[in-house]
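*Asks:* Starting from the known structure of chain L, fit chain Z onto it as the hints suggest.
Line order of the protein sequences matches chains L and Z.
The first sequence begins at 1 in my numbering and counts up by one.
The second sequence begins at 341 in my numbering and counts up by one.
No lab work stands behind these hints: they were computed from the structure.
Among these hints, one or two may not hold up.
[Said to hold, decoys possible] A short, non-exhaustive set of chain Z residues, derived as facing chain L with CB atoms under 10 angstroms:
no., residue
1, Leu390
2, Lys409
3, Lys415
4, Ile419
5, Arg429
6, Leu435
7, Pro442
Just so you know, even glycine gets a beta-carbon here, dropped at the ideal spot from N, CA and C.
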Amino acid sequence: MVSNHNVRRSGSKKMCALLFCALLIAIALSVLLYIYSRTYAKANRIGLQLTKNAFNSIMYRTLPHLLGMSVSAIIIAVVSLSFQTITGSRLLVPSMIGFDSVFVFAQTVIVFILGAESKLFVNPYVNYSITAGAMIAISMCMYGMVLRKRRNNIVFLLMLGIILSGILRSSASYLQVIMDANSYNQVRAATAVTVNNMNVGSIYLVAPIMLVVVAIVICRHRTYDVLSLGVANAKNLGVAYEREVNFNLFLIAIGMSVSTALIGSLTFLGLLAVNIAREIFKTHKHLIIFIGSSLVAVFALIFGQAVTELLQGAVPLTVIIDFIGCAYMFYLILKVNKKS
Amino acid sequence: MIEIKNITQAYGRNKVLDDVSFAIHDSAVTALIGANGAGKSTLLGVITRLIPYISGEVYIDEHEIKSMKTKEVAKKVAILKQTHHLGVRVAVQDLVEFGRFPHCGGRLMDIDRQKVEESISFMDLDNIRDRYIDELSGGQRQRAFIAMILAQDTPYIFLDEPLNNLDIRYSVEMMKIVRSLVQDLHKTVIVVLHDINFAAAYADYVVTMQDGKIVSHGKVDEIITKNKLDGIFDYDFNIIEHQGRKVCLYFDSNEKDSLA
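Next comes chain Z alone, as it looks inside the complex:
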């Protein structure tokens, strides 16, 4: 279980996170949504120690993160940032093997090889394992990075806007992978999403943020309501139900006419 208590972080005088506290539900997909600059990525960075925080505490399985060694944290939480530009040319298999670094320091043992193989086949990368990352399509590249994080074998996985630069097909595929991480591998996944509809369709819990604060936190159905979303995104939403699923419509129905 990951618990965040009274986290504050500021760039200069500008508070990016303001006294944020919440607990992440285990074995579930939690979606983090909010407007641009609400502090979602910063919150993810703070929990995974990419970004230092000014005050507060982050507990991973009841250990305060600052008292843990970097390697130990890396065995508990894995984070995937949205930029996948690598300075080096590596093949898919090499990238996945990097995921074992916190466990074996780069010296692969049998158990590490086995984990690498499992991740590669789970992400269906067998036939492109020798291809270089920069030769892959966006979706394949994303899968390769997820495989690296799977090889890292952490109970908690953080994904920072994994749908960026992916087309509809790959986005859906990505979210299905996220679901199967929870269902098949019992991971805890926290994912920053821009598209509320993906959150509504694939997340178990939703956390909404605004101006560095958590506005609401709860099950999908409780959060994806016109009342709550209007305030967070400062926009007039139209939420409909289709085959038992909630879908948010962002556009004015009159817009087209007024343009014409």
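Isolated chain L, as found in the complex:
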């Protein structure tokens, strides 16, 4: 019996390794497709010969984009999974309950109070630390309070998030209306980032932060395993639950602030990536799902962007991801309801 059992275990390990390889190959292929779509496909369409110089200069702009997409995809995936674990829900991701509107609001307030020329706004490092600080403070207050008192009350959490993001969004747009045109343009430039219009300059700030956040989360994957057993079991097994939740909200706020600043809000990417990874790997081990969902997210983002470029931007990538993500969320809600 025991040996049988070990066979099953090593079998699933091999399976995981194979799946990781398959995902890596898929990512490599979609990177190639992305490069092709930006170089040869474009050149063909315009009818220009692709010279080596032109290729190089396009690549010079493409590589930071690839890096940016990978970095934010990884952050979004990791942060979404840790958020799902502490909320005990497979349906929630941080941006769904308004993390990204906190970002827009913070940017607007900085510019409104201090002006567009203020060092606090122009200097990316200072700007991000203020924005991240605001996001941390707000999220800790709101979600810390909610998660502690009304644990597992997902409806309440979602409602609070919708109201919060509604308030922040409308107050941000009110401030944007009454500020002067120059400041308004500055705010738009900082907040209207999307996958196509990435804030490439900030990547050298975001990438190290991503590495730190991901490293911290992955080092603690065993704690996440225990947290997923629920509050009572986690406490019984000696996890300081409240401290863990606060620390995670802190990490999530940092991750969401930098990824929103870099690539804008991708509400459903995290939901899709984490749940697809769960379906593929069929394990409760966070280490595997952390890596798996990061790979899935990177693949989805780069492949989607490559397709978008091939279609000449006829359909923006965010629309595709939101559409698929939305449909998938419906499916999940229906499935969960059926079970209970």
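*Replies:* Chain Z alone, transformed into the frame defined by chain L:
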């Protein structure tokens, strides 16, 4: 030895535990009984640090619980709550391995594997160790969770209404397991029970609670008496003896006639 001194806990103005003090007997089964809302589960939660308390002290082997690290507490006391809904799909063996978390932080060494194996075979889970928890019957699931707590290897085990949702056969089996934890493994078990007859049959000591206070504490025979139980449950009990064991009858003997 676990000693509780002057514990008070309140939700808002409503005192759930009111100046509770008692000491738990080692290597014995202590049953905690009382009406709904008497504070039994809260008391269990307080002793195992699931719930914070307002004032008082809890000593585990002469260490105050607040001065201990969470991990250290988890090596001393284990608690099993009545809800066994897990957010994740784990197999029995994985669940039991989680029990080693306070000792090894999730990185299983040889000693941990050995403990896991011992718990699995003690709870007779060998042939279902690869099954997922949500596929098991209520009794099997309960055994899997007990195995996790056994792997945790704590001298003190707290069970919060372990007989909930179990049928008669599994309830009896469960209580036999509780007895064997004390007899074979010399654990100290504190168990919240709703059915007084299970307490009368399987516990060594009984603690009765009412309105957040401990009313009486003593050996089974001293507590399971008409005098004491009537007051606690606010009900007219009929206690008979059958083959040397006390059995409480809850129903009116005339009830059936009056219905007919």
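*Asks:* Decide, hint by hint, whether the structure agrees.
*Replies:* These are the hints, each one checked on the structure:
{"no.": "1", "hint": "Leu390", "in the structure": "holds (5 angstroms)"}
{"no.": "2", "hint": "Lys409", "in the structure": "holds (8 angstroms)"}
{"no.": "3", "hint": "Lys415", "in the structure": "holds (7 angstroms)"}
{"no.": "4", "hint": "Ile419", "in the structure": "holds (5 angstroms)"}
{"no.": "5", "hint": "Arg429", "in the structure": "holds (6 angstroms)"}
{"no.": "6", "hint": "Leu435", "in the structure": "holds (8 angstroms)"}
{"no.": "7", "hint": "Pro442", "in the structure": "holds (4 angstroms)"}
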